[in-house]
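Q: Starting from the structure of chain D, add chain H where the hints point.
Protein chains: 2
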Amino acid sequence: MNNALRINGPRLWQSLMDLSRIGGTAKGGVNRLALTDLDRQGRDLVVGWGRDAGMTVTIDQIGNVFMRRAGRNQALPPIVSGSHIDTQPTGGKFDGNYGVLAALEVVRTLNDHAIETEAPIEVAFWTNEEGSRFVPVMMGSGVFCGAFSLETAYAARDVDGKSVGEELARIGYLGEQVPGEHPIGAYFELHIEQGPVLEDAGIVIGVVPAVMGLCWYDCVVSGMEAHAGPTPMGLRRDALQVSTRIMQEVVAIANRYPPYGRGTVGMVQVFPNSRNVIPGEVRFSIDLRNVSIALLDTMHDEIVAFVAQVRGDSGLGITLERVSHFLPCPFHPECIDAVRSATTMLGYSTMDVVSGAGHDAIYTARLAPSGMIFVPCKDGISHNEIEDAQPAHVEAGANVLLHAMLARAT
Amino acid sequence: MNNALRINGPRLWQSLMDLSRIGGTAKGGVNRLALTDLDRQGRDLVVGWGRDAGMTVTIDQIGNVFMRRAGRNQALPPIVSGSHIDTQPTGGKFDGNYGVLAALEVVRTLNDHAIETEAPIEVAFWTNEEGSRFVPVMMGSGVFCGAFSLETAYAARDVDGKSVGEELARIGYLGEQVPGEHPIGAYFELHIEQGPVLEDAGIVIGVVPAVMGLCWYDCVVSGMEAHAGPTPMGLRRDALQVSTRIMQEVVAIANRYPPYGRGTVGMVQVFPNSRNVIPGEVRFSIDLRNVSIALLDTMHDEIVAFVAQVRGDSGLGITLERVSHFLPCPFHPECIDAVRSATTMLGYSTMDVVSGAGHDAIYTARLAPSGMIFVPCKDGISHNEIEDAQPAHVEAGANVLLHAMLARAT
Chain D
578 MNNALRINGP RLWQSLMDLS RIGGTAKGGV NRLALTDLDR QGRDLVVGWG RDAGMTVTID
638 QIGNVFMRRA GRNQALPPIV SGSHIDTQPT GGKFDGNYGV LAALEVVRTL NDHAIETEAP
698 IEVAFWTNEE GSRFVPVMMG SGVFCGAFSL ETAYAARDVD GKSVGEELAR IGYLGEQVPG
758 EHPIGAYFEL HIEQGPVLED AGIVIGVVPA VMGLCWYDCV VSGMEAHAGP TPMGLRRDAL
818 QVSTRIMQEV VAIANRYPPY GRGTVGMVQV FPNSRNVIPG EVRFSIDLRN VSIALLDTMH
878 DEIVAFVAQV RGDSGLGITL ERVSHFLPCP FHPECIDAVR SATTMLGYST MDVVSGAGHD
938 AIYTARLAPS GMIFVPCKDG ISHNEIEDAQ PAHVEAGANV LLHAMLARAT
Chain H
578 MNNALRINGP RLWQSLMDLS RIGGTAKGGV NRLALTDLDR QGRDLVVGWG RDAGMTVTID
638 QIGNVFMRRA GRNQALPPIV SGSHIDTQPT GGKFDGNYGV LAALEVVRTL NDHAIETEAP
698 IEVAFWTNEE GSRFVPVMMG SGVFCGAFSL ETAYAARDVD GKSVGEELAR IGYLGEQVPG
758 EHPIGAYFEL HIEQGPVLED AGIVIGVVPA VMGLCWYDCV VSGMEAHAGP TPMGLRRDAL
818 QVSTRIMQEV VAIANRYPPY GRGTVGMVQV FPNSRNVIPG EVRFSIDLRN VSIALLDTMH
878 DEIVAFVAQV RGDSGLGITL ERVSHFLPCP FHPECIDAVR SATTMLGYST MDVVSGAGHD
938 AIYTARLAPS GMIFVPCKDG ISHNEIEDAQ PAHVEAGANV LLHAMLARAT
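From first to last, the protein sequence lines are chains D and H. Just so we're aligned, residue 578 is where the first sequence starts under this note's numbering, counting upward by one. Just so we're aligned, residue 578 is where the second sequence starts under this note's numbering, counting upward by one.
Misleading hints may appear alongside valid ones.
Copies of the same chain look alike in the list, so a pair counts if it works inside one copy or between any two.
As the list claims (entries may be wrong) - With a straight-line Cα cutoff of 25 Å, these simulated DMTMM-like cross-link-like pairs (lysine to aspartate or glutamate) come out:
1) K955 / D929
2) K955 / E858
3) K604 / D956
4) K604 / E858
5) K955 / D595
Hint data in this document are derived by calculation from the structure and do not stem from the laboratory.
Here chain D stands alone, though its shape is the one from the complex (with noise of 0.2 Å):
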């Protein structure tokens, strides 16, 4: 039927770089942080577009965003496909843009074919999935699926005291559907990886069968600030060398559970931090990642049973609490399965990539059968002003949302 079926490669990238104009920094990437004046540009952008393609606008109380194409039975839920559109402060292209942009890419490829679907066909964008101005991320995906409150939300404040509510107002961008009353027939998120698997593979597409579950952890050990050079070695209580014993030990543990387990010490404090004293205390970060249940609840007894250890073998005092804590994420098999037979029809090399990242999909699979496809991004970096992605990929993708969606609305 649709087979021969393509998207229009040079209009989605063009479409990309216009929206990364807003909030464009020197570098490449892109400032747009979520409810900034920037924001609100780029979501009036956006929008412009939608209705340009022929779409009805609907916007909820949180500010999440569907732009709606008719379906031949109105009274399906529609398939809906989406991402952000807020960015890191010093963040890239494509992350988030490029699935809410390929979403519309998809309407206006149906469009020029005049091609009709049975279930309508919705983009979706997200209120704040960065999280980067206001806690929590994936703000407007978890009030849409009731992961907290709408209150919860409207009272985040920014470091410089204004609140996600009044934020919203002032944009313009203050809806009045209640979050999650919005129905979801189906629900694809297009995103570049965020990492190296694809790219050092060799491979276009990234069939994501589940998001991993995650902790993170403070970790704070407590020993004897001391002169480096009256204290002798026996009698010191030095809090960093007995620091790097549980660092590596997260990493042993990752490598222990193969291939999605990670472990990561990304943050480190060391105090009194100067050349000549040892160190008195030291508090870092611990993620540690899987993607099943029972092996990232192995990964959190092993960290909790070695510190123990540590603490009796060294004497010193040492914490660990657990202070954020998401159970890995499935995604339904029907979705997974429309990605995977898309990606076969159009011949694209495939492999399964696993999520290391949250996205907004996560909390769509809480009401609806959700998936996720995945496209290269250069060295897999991301967060980054260099983030950057090959044209070819990005259509790639793009026609592979377009076949997925196209099987569930049709």
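A: Coordinates of chain H only, in the frame set by chain D:
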């Protein structure tokens, strides 16, 4: 002869407490940075006490102060004792100040008993030992012994841009004597240990045979910043994990060369230092010490070789730069013997304690026979407002100083 002579412990303690009020902090410490108005007030107080004790005062061009009690033979070079009265910004009452006021107490005691010495006795305090406001540390004694020039010292500026030369003139301590031309027959410096060895062993007097040499390094490990979730363990270039291997080796090297080997990583900076980002770069300091040149050289060779090995293993960029190098400083056998004999005569418990920290005596040792005496300080802590020492130990140390100086001066 004078074996029954003892200093006046309460008077010494009272002088310590009186001086500590100038720049005294709420937490019981002292903030009296070099060449500030508070330093002037401290200097004026001590010089006033010196004049009250009948001493004549000489100031050299770097602000070092020598207060002289005449000997029978004024042609003999004086037997000098002292230390410094500047403090760290959150320093204590004893570091440096104790050495100066104990020397003053020696003179007061000799005056009390109308004891004449063959050689003159002098009380000295050296400018800017701490180096907190102006670098380098041990500035006054360093210029005195020719380690660096007067011009270099004058040009040193604090964070507000004020120079040593300007500040010396402003507070009235820019003297006329050429540094180094002041004769010294022998030099003794009494100091709190600044380490835990004496307290841990329950010993009152530390005879100091030498000061350790040290090598300071800056180490920079350069990996690849990447997202903690999407990046598989096998594709990481984690600068922190590689750094922990070197950090642990620093301690292992020190432990291979006991009892005076020391190895410390005191300062660590992680970039970008974000919870969910694999560190792309880590910078840290390394501090290696030992008492013999040969052992310190061996430790240096071992850290250089280990870093080269890790560079090869990991494939990461690693630089190791030696930024400071002090040779070990053995003290003069006759001064060591004078301290040991005085301690034995007085009946105090004693042990040898190699100094792990630098002192003005390592510079005077280049020009004249020098020696040091240590007394315990609470928990080995100094450079801290909670720095503390017991009155009985403070008194004992000054008695040892008295008899060591008498042995050299009579």
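Q: Indicate, hint by hint, whether the structure satisfies it.
A: Results for each hint:
In this homomeric assembly, K955 and D929 come within 25 Å of each other (Cα to Cα) only inside a single copy, at 18 Å, whereas the closest approach across copies is 62 Å. In this homomeric assembly, K955 and E858 come within 25 Å of each other (Cα to Cα) only across copies, at 20 Å, whereas the closest approach inside a single copy is 38 Å. Only within a single protomer do K604 and D956 lie at most 25 Å apart by alpha-carbon distance; the minimum there is 17 Å, versus 53 Å between protomers. Taking the shortest Cα distances, K604 and E858 sit within 25 Å of each other only across copies (21 Å), while inside one copy they are farther apart (38 Å).
Only within a single protomer do K955 and D595 lie at most 25 Å apart by alpha-carbon distance; the minimum there is 20 Å, versus 67 Å between protomers.
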